[in-house]
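A.B. asks: Sequence:
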Amino acid sequence: MNRRTVIAGLGAAGLAGLSGCLGLLGMAEHESSPAGVEADARAETGYEQSAIDALSIDRDVGPTNETVTVTNHMTKHEKAVDMGPLGSQRGAVFNVLTTPQVSIFGKELNPIEEMSTQELMDLVRSNYDGIDNITHDSDSDITILGQSTTRSQFTADAEFDGADIPVIIAITEAVEADEDLLVTIAVYPEYVERQENPNATQLAKAVTTDVDEGASSDDGGSDAGDVGVLDESGGTDGPNTTDDDGGSNDTDTTDGRGDIELDGNVSDDDLLS
Numbered sequence: 001m002n003r004r005t006v007i008a009g010l011g012a013a014g015l016a017g018l019s020g021c022l023g024l025l026g027m028a029e030h031e032s033s034p035a036g037v038e039a040d041a042r043a044e045t046g047y048e049q050s051a052i053d054a055l056s057i058d059r060d061v062g063p064t065n066e067t068v069t070v071t072n073h074m075t076k077h078e079k080a081v082d083m084g085p086l087g088s089q090r091g092a093v094f095n096v097l098t099t100p101q102v103s104i105f106g107k108e109l110n111p112i113e114e115m116s117t118q119e120l121m122d123l124v125r126s127n128y129d130g131i132d133n134i135t136h137d138s139d140s141d142i143t144i145l146g147q148s149t150t151r152s153q154f155t156a157d158a159e160f161d162g163a164d165i166p167v168i169i170a171i172t173e174a175v176e177a178d179e180d181l182l183v184t185i186a187v188y189p190e191y192v193e194r195q196e197n198p199n200a201t202q203l204a205k206a207v208t209t210d211v212d213e214g215a216s217s218d219d220g221g222s223d224a225g226d227v228g229v230l231d232e233s234g235g236t237d238g239p240n241t242t243d244d245d246g247g248s249n250d251t252d253t254t255d256g257r258g259d260i261e262l263d264g265n266v267s268d269d270d271l272l273s
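Quick note: the sequence shown, position 272, residue 272 per UniProt numbering, numbers continuous.
The set of hints was computed from the structure by calculation and includes no laboratory data. Only true hints are included.
With a cut-off of at most 20 Å between alpha-carbon atoms, the simulated SDA-like pairs for lysine to any residue come out as follows:
(1) 205 x 145
(2) 205 x 43
(3) 205 x 139
(4) 205 x 142
(5) 205 x 113
(6) 205 x 140
(7) 205 x 48
(8) 107 x 27
(9) 107 x 28
(10) 205 x 149
(11) 205 x 152
(12) 107 x 175
(13) 205 x 39
(14) 205 x 40
(15) 205 x 194
(16) 205 x 141
(17) 205 x 195
(18) 205 x 153
(19) 205 x 44
(20) 205 x 147
(21) 205 x 41
(22) 205 x 138
(23) 205 x 178
(24) 205 x 146
(25) 205 x 150
(26) 205 x 34
Could you put together the complete structure from these sequences and hints?
C.D. replies: Okay, structure coming up:
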C-alpha cells in the first residue's frame, strides 16, 4: 500500500533522489530549527502555542541504499471558537512549518521554495480525506520575517466530529528563516471569519525564529495540530512506520509527543491541524 505524507514529506520531496551526491558532500542529514509566533501576538489574538513537533522522514534510495534524513518542525497554535452546531471547540489553528534549505552551487534543492500556495493546497487536498469542495478565494501580499510573500485564502468543507464544517484555509508561500524555509497554515471555521481572518494575518506577521519552546501546553497526548501519515484508504500509520514507495524506504517518526497524524477520522479536538 502506497502511503503518503503531508507536511513531513514536503522537505524530503526531491531530496531523496539526490541522496548519493548529497552523501558525498556530507549532506545526508538535514534538520530545520523551529519557529513560532511572538508572545504578544498570541496573547492579543487568543491563540495558545500547543506543541512543537519534529517531523522526520528517512529515505533509503539508490544501489547503495544511501539514507537521507530530513527533519522539519511544526509549531502549532490553537484557539477555541464557535463551531456553529457543535458549539465552542478548538477549531481555529495556526501552524508554522520550517523545512531546511539545501543548496548545491547556489541552487536550492528543497522544492518547497518554489511551490505556489495552490501547489501547497493541492498537497493538503491529495493527502487529507476529510476535506472537500476546496475553492481558491483570494490572494494578498503579506510580510513575514521582513520578506514579502503571497498569502492565499481557500474555502473548503472539513470533517469535524462527524459533521461537515465550512472552513477557511490560509497558506503562505515559503520565506527564508535563517537557514530554513518557512510556511504558515491557518485554518478556522467560516462562522468566525470576520474575527479570525485578521487574527490569522496578525499571527503570520508576528512569526519569529526566536521560538519559546517552553510555552507549549501540549501534555503529550493527542491534540489539535497532529500531522502525519495517511494511506490511500483513509487509514493512518502510527509513529516509526516504514513505507514501501516504489522501492525506497520511508520512515516517518515523531519526537515522542505521541501520534503525528493527519487523517479523515478527525476527533472533536482536531480540525485539519
